[in-house]
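Place chain B on chain A using the hints.
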Amino acid sequence: MNSERTLAWSLRIITAVIVLVPLAYYYLASGSLFNFIMPSLTIPPSIRSFNPGSLRITSVDYSIAGNTYLLSIGVYNAGSMGIGLKEATGTISAPSLNVRGRFSLQSPFLLEPNEEERVTITFLLESGTEGDLATLVSQRLPVEISGGATLILDSAELPLNVSISSWSPW
Amino acid sequence: MEKFRIIYLIGGVLFLIVSLISGAWWELIGGEASKPVLYVGLSPFDFKAELLGSQIIEASPLMTALFISERLLAILGSATIIAGSLLRGKTWSRRLLNLRPLTTPIGFGVLILIGAIAVVPSLMHLIPYMDQVLPDLREALMPYASQYLTVNLYPIAHINGSIKVRVVSQFTINFWLALLSGALCLAGAIIHRRETKAELFPPPPPPPA
Numbered sequence: 011m012n013s014e015r016t017l018a019w020s021l022r023i024i025t026a027v028i029v030l031v032p033l034a035y036y037y038l039a040s041g042s043l044f045n046f047i048m049p050s051l052t053i054p055p056s057i058r059s060f061n062p063g064s065l066r067i068t069s070v071d072y073s074i075a076g077n078t079y080l081l082s083i084g085v086y087n088a089g090s091m092g093i094g095l096k097e098a099t100g101t102i103s104a105p106s107l108n109v110r111g112r113f114s115l116q117s118p119f120l121l122e123p124n125e126e127e128r129v130t131i132t133f134l135l136e137s138g139t140e141g142d143l144a145t146l147v148s149q150r151l152p153v154e155i156s157g158g159a160t161l162i163l164d165s166a167e168l169p170l171n172v173s174i175s176s177w178s179p180w
Numbered sequence: 016m017e018k019f020r021i022i023y024l025i026g027g028v029l030f031l032i033v034s035l036i037s038g039a040w041w042e043l044i045g046g047e048a049s050k051p052v053l054y055v056g057l058s059p060f061d062f063k064a065e066l067l068g069s070q071i072i073e074a075s076p077l078m079t080a081l082f083i084s085e086r087l088l089a090i091l092g093s094a095t096i097i098a099g100s101l102l103r104g105k106t107w108s109r110r111l112l113n114l115r116p117l118t119t120p121i122g123f124g125v126l127i128l129i130g131a132i133a134v135v136p137s138l139m140h141l142i143p144y145m146d147q148v149l150p151d152l153r154e155a156l157m158p159y160a161s162q163y164l165t166v167n168l169y170p171i172a173h174i175n176g177s178i179k180v181r182v183v184s185q186f187t188i189n190f191w192l193a194l195l196s197g198a199l200c201l202a203g204a205i206i207h208r209r210e211t212k213a214e215l216f217p218p219p220p221p222p223p224a
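Chains A and B, in that order, are what the protein sequence lines are.
When we follow our numbering, the leftmost residue of the first sequence carries the number 11, and every step to the right adds one.
When we follow our numbering, the leftmost residue of the second sequence carries the number 16, and every step to the right adds one.
Note that these hints are calculated values from the structure, not bench results.
None of the hints are false.
With a straight-line cut-off of 27 Å between C-alpha atoms, the simulated BS3-like cross-links for lysine-lysine are:
1. 96(A) - 50(B)
2. 96(A) - 179(B)
3. 212(B) - 105(B)
Have a look at the derived ranges for each label pair, beta carbon to beta carbon:
4. 128(B) - 123(A): 39 to 45 Å
5. 49(B) - 53(A): 19 to 25 Å
6. 24(A) - 35(B): 14 to 20 Å
7. 84(A) - 185(B): 39 to 45 Å
Since the model is a prediction, treat every value here as computed from it, not as a measurement.
Idealized CB from N, CA, C, for every residue including glycine.
Chain A with its partners taken away, still in its complex shape (with noise of 0.2 Å):
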């Protein structure tokens, strides 16, 4: 009976010291109760500085076949970090003017910050005109942008779908 209780007791204690002795360890050697409690934020600074308008686009040439359009676009990185696409497929469509096509990344591609790159797309012009396509950049009309991507962000990848109501990239 008597060995229960000692051992019990000595359970007791060696569990407050275990919860104790690093609560004033680290209590000690903070200095101060803010140091003690608040974690630390550390951004390095290529993430700090990142801009999503850093790919830039700096020509754009198109060549039609039928109904296909084949856009060779010329990007750069004035970012910080290396930034491109592995993937990107969706529509584009302007209700204004009845116009509706599907657009698709033909090859992925990463830029190292100050790279440049010719980077090709199809689409493929689904409903409208040629005239219809020209009238909407020359307007600089809204559009309607729906699909799917991911990201390259340095060695990470985002699988990302995006849903734009109403835009003017032009």
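For chain B alone, coordinates are given in the frame of chain A:
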């Protein structure tokens, strides 16, 4: 060896292994699981938050002290279970058997759910901008509830639209192993209680024919 001691022993060894190995019990992965953009991992013994592979939040000294205490308590709890189940000849050995392997993962799971159900909405109430940009953050943090986090573009870029980013919130194998060890210890405790009851109150002898 009695049945309940064997079950306790297996539960204790399993919980000791889980207590000694590192790794999250709950994780939030933003992006592709193999190459995540955001990774948050939490266990009773550790915390990790990484953005693009770089650690962004370092645990406070208070959290570090609690993690160390919790790990040592888990090791102590499982070591006493193992000792208690092996020392069958000692009358006090049953004193060493405990249910820490059960209370730790259940307490952890409850804390995660409280965080998702109560803390996140309170934060969003305090910071309305967060609610506008990330309207379904609570669902995204809730384990197994949603696969996507919606980011509204209007408050950020004045574009009428949204982006749905792939997010996974889940309990890891470490959590389920800890819960399994807890279930084994609970089973051991139930069997032990039944056996004790049977010893104290033996079944009445059959009536004479």
